[in-house]
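Visitor: Please build the complex by placing chains B and C on the supplied structure of chain A, with the hints as guidance.
Protein chains in written order, with numbering that gives the first Met the number 0: chain A, 0 to 159; chain B, 0 to 258; chain C, 0 to 270.
The hints are simulated quantities; they were obtained by calculation from the structure and are not laboratory data.
Glycine included, C-beta positions come from ideal geometry on N, C-alpha and C.
Among the clues, some could well be false.
Computed list of lysine-lysine pairs in DSBU-like fashion (alpha-carbon distance at most 30 Å, straight line) [said to hold, decoys possible]:
hint, chain 1, residue 1, chain 2, residue 2
1, C, K32, B, K30
2, C, K240, B, K30
3, B, K30, C, K84
4, C, K9, C, K51
5, C, K73, B, K3
6, C, K51, C, K240
7, C, K73, C, K32
8, C, K69, C, K32
9, B, K30, C, K21
Here are the simulated distance ranges between beta carbons [as the list claims (entries may be wrong)]:
hint, chain 1, residue 1, chain 2, residue 2, range
10, B, E96, A, F73, 46 to 56 Å
11, B, M255, A, E87, 47 to 57 Å
12, C, H76, B, G228, 21 to 31 Å
13, B, E96, C, H14, 54 to 64 Å
14, B, M0, C, M140, 51 to 61 Å
15, C, E219, A, R4, 56 to 66 Å
16, B, T252, A, F73, 22 to 32 Å
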Amino acid sequence: MMHTRTVQVWVGLFVALGIVALFMLSMKVSNINAFRAVEGYAVTAKFENIGGLKVRSPVKMAGVVVGRVDDISFDSDTYEAVVHMKIEEQFNHMPVDTTASIFTAGLLGEQYIGLEAGGEEDYLKEGSKIRLTQSAMVLENLIGTFLFDKADKADKGAGK
Amino acid sequence: MMDKLQQLGAATLGVIERLGRGHIFIYYAIKGFPALALRPNLVLAQVFSTGVLSLIIILVSGLFVGMVLGLQGYNTLVDFGAEESLGVMVALSLVRELGPVVTALLFAGRAGSALTAEIGLMKSTEQLSGMEMMAVDPLQRVVAPRFLAGAIAMPLLAAMFSAVGVMGGYFVGVGLLGVDEGAFWSQMQASVEIDEDIINGIIKSFAFGIVVTWIAVFEGYDCVPTSEGVSRATTRTVVHSSLAVLGLDFVLTALMFGE
Amino acid sequence: MAENDEPLVKIRNLHFSRGDRKIFDGVDIDIQKGRITAIMGPSGTGKTTLLKLIGGQLRPDQGTIHVDGKHVHKLSHSQLYELRKRMGMLFQSGALLTDINVYDNVAFPIREHTKLSESIIRHLVLMKLHAVGLRGARDLMPSELSGGMARRVALARAIALDPMMIMFDEPFTGQDPISMGVLVTLIRSLNDALDLTSILVSHDVQETASIADYIYVISEGKVVEHGSSETLQRSSSPWVKQFMEGLPDGPVPFHYPSLDYADDLLTGSRP
Chain A
0 MMHTRTVQVW VGLFVALGIV ALFMLSMKVS NINAFRAVEG YAVTAKFENI GGLKVRSPVK
60 MAGVVVGRVD DISFDSDTYE AVVHMKIEEQ FNHMPVDTTA SIFTAGLLGE QYIGLEAGGE
120 EDYLKEGSKI RLTQSAMVLE NLIGTFLFDK ADKADKGAGK
Chain B
0 MMDKLQQLGA ATLGVIERLG RGHIFIYYAI KGFPALALRP NLVLAQVFST GVLSLIIILV
60 SGLFVGMVLG LQGYNTLVDF GAEESLGVMV ALSLVRELGP VVTALLFAGR AGSALTAEIG
120 LMKSTEQLSG MEMMAVDPLQ RVVAPRFLAG AIAMPLLAAM FSAVGVMGGY FVGVGLLGVD
180 EGAFWSQMQA SVEIDEDIIN GIIKSFAFGI VVTWIAVFEG YDCVPTSEGV SRATTRTVVH
240 SSLAVLGLDF VLTALMFGE
Chain C
0 MAENDEPLVK IRNLHFSRGD RKIFDGVDID IQKGRITAIM GPSGTGKTTL LKLIGGQLRP
60 DQGTIHVDGK HVHKLSHSQL YELRKRMGML FQSGALLTDI NVYDNVAFPI REHTKLSESI
120 IRHLVLMKLH AVGLRGARDL MPSELSGGMA RRVALARAIA LDPMMIMFDE PFTGQDPISM
180 GVLVTLIRSL NDALDLTSIL VSHDVQETAS IADYIYVISE GKVVEHGSSE TLQRSSSPWV
240 KQFMEGLPDG PVPFHYPSLD YADDLLTGSR P
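So here's chain A without its partners, still in its complex pose (with noise of 0.2 Å):
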């Protein structure tokens, strides 16, 4: 049987391994940062569509995330999503007149909300609504008005 000290030693260095891979796991793999409560103001933004939008998905302006979706819901009323949104306190002086639209990050990313500021001196604050609004491209749409100009132009040459 091997020496107590060095089995005790082993077993400490096997946990701590295990534990920095856990960590590892956690902090470098996974997004626990989006877990971090985002101390904030939440303003709302209604879109047509918001294709595969999802709690959690970063709110980015020229590139730099600035808040997170905090939740999704559906207007019974207009059809219309609504989602709502947490962003950075420090982030406060966004125009009123913002417009918020739906990209994909890639052509088969993850989606997420840019941010385009307008030019209004007012500033969005907690419970602001943002009116300007492009939803999400879906795919299949696009595709769909792609081969139907195509048929379009092809019906056209054939009338000639």
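Guide: Only chains B and C this time, still in chain A's reference frame:
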């Protein structure tokens, strides 16, 4: 016809009886846990022989599995121009499935078979019987610390497997194939959920650790005390615990990611 | 020694079977305090089984076993373990723990059952090892011991907690004459020095007869004869005579039951 039916009945009853004994067995072993709190060295020694001694095989396998995932994933994803999602693919496959499952299979082969053989040999050399006559309950003295150590070591091993695997995927993807480093990590972080993926992976590996160690100690304790009996029990440990892990993985996956 | 009326171990009407095979079919045995009682019989008569029944590792189908006034098979798990602390058992193989050395093996029951300090344990262990003449072998591993030495270490371990009785399972089997002599002397002297009660299971007639105070001979699940060794030597039963003198043929035939030899040969090739 009657004979066949009778055989089927006898076989079924045999399986049920063994299952019953397995449960009673582990119940008495678990009853020995409180006593272990006073003697942590017993458990430490077993964490050493199940965990530390499995470390090399787990780390090396994890690295290679991660590297293979990196290569295969890249070749598939590059066709869709989505090679930046490589990190997501590698991390999700490792954390959700391959980490817990492959670790459990390796653990069954490395530590489970050793546990069965050790306990089986102790039985066949009358050491267990000798302990009983010395008024030392082998379920509490021999089985309980091994069972506990297996359940402790397995999640740690699986976490190391996944972590090393992600690094293997990173070396191949970013280092070798030139995937953008920032995209690799940021997409991974954006898609791997701590509660759904990481925690569920840990729960899985914990469950697998319990099942594999349980089967291993029971097979050893219940073996026919001859050299042939011990070798059969060792084989059964590897076969049964591998099947149990894969079956349980399906059930757990359906429960966790089923919706 | 003052005779106590109540025997230490009292077995009444013991029945035990393995599958269809009856091993004990109504056995009564009394084991008196302070004595060496031998239980003898041919191989396969369940002598080891008897020890396991006394130790509570097996349950009889019928009948009772009392050890020190306690009904062994009606005790709870913890009461049984309490009782076992006062019983020692020497297994045929020694049953030493193979992953720790001789010293730790002897210290094992002391460490498990007492909270003595390591320095006291050291005194106790060395004392027990000295008693079996193996104080110098304390650092050896069980795999480095000869069969006789392993049994002596096991004996030291069995007396580590100063039990009231020790059960010896075939202590002489497979020993060379010297270690056999050592074991015979040890069993006798320890029994007297420590005021033990010994139960000795064996089929080595000469050695057993030389140290046992009382002998039971068991065959086919029944006690065939019992008494002191002199009584048994003078037994009128031809079976006991054959057993005690080791004759090849007698009531126990040399041949396994079979067809008539001539008929068997004449039937020619197997059907």
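Visitor: Just to be careful, I want the Cα atoms of K32/C and K30/B compared with a cutoff of 30 Å; is the pair within it?
Guide: With Cα atoms ~36 Å apart, K32/C and K30/B exceed 30 Å; violated.
Visitor: Quick one, are K240/C and K30/B close enough, alpha carbons at most 30 Å?
Guide: Violated. K240/C to K30/B sits at ~53 Å, over the 30 Å cutoff.
Visitor: Tell me if the beta carbons of M0/B and M140/C are separated by a distance inside 51 to 61 Å.
Guide: 58 Å, holds
Visitor: Quick check on a hinted range of 46 to 56 Å for E96/B and F73/A, using CB atoms only.
Guide: 33 Å, violated
Visitor: Has the given pair, K73/C with K32/C, been kept, meaning a C-alpha gap of at most 30 Å?
Guide: Distance of about 22 Å is within 30 Å: holds.
Visitor: Decide if the proposed pair is consistent with the structure: K30/B and K21/C, CA atoms, cutoff 30 Å inclusive.
Guide: 36 Å, violated
Visitor: Does the structure keep K30/B and K84/C at a Cα separation of 30 Å or less?
Guide: 20 Å, holds
Visitor: Starting from K9/C, check that the Cα of K51/C is at most 30 Å away, please.
Guide: 15 Å, holds
Visitor: Taking the Cβ atom of H76/C and the Cβ atom of G228/B, is their distance within the range 21 to 31 Å?
Guide: Between H76/C and G228/B, where Cβ atoms are some 27 Å apart, the hint holds.
Visitor: Starting from K73/C, check that the Cα of K3/B is at most 30 Å away, please.
Guide: Violated. K73/C to K3/B sits at ~41 Å, over the 30 Å cutoff.
Visitor: Next pair to validate is K69/C with K32/C; report whether the Cα-Cα distance is within 30 Å.
Guide: 15 Å, holds
Visitor: Range hint 54 to 64 Å: satisfied by the CB atoms of E96/B and H14/C?
Guide: With a Cβ separation near 56 Å, E96/B and H14/C satisfy 54 to 64 Å, so the hint holds.
Against the hints set out earlier in the document, violations occur for numbers 1, 2, 5, 9, 10, 11.
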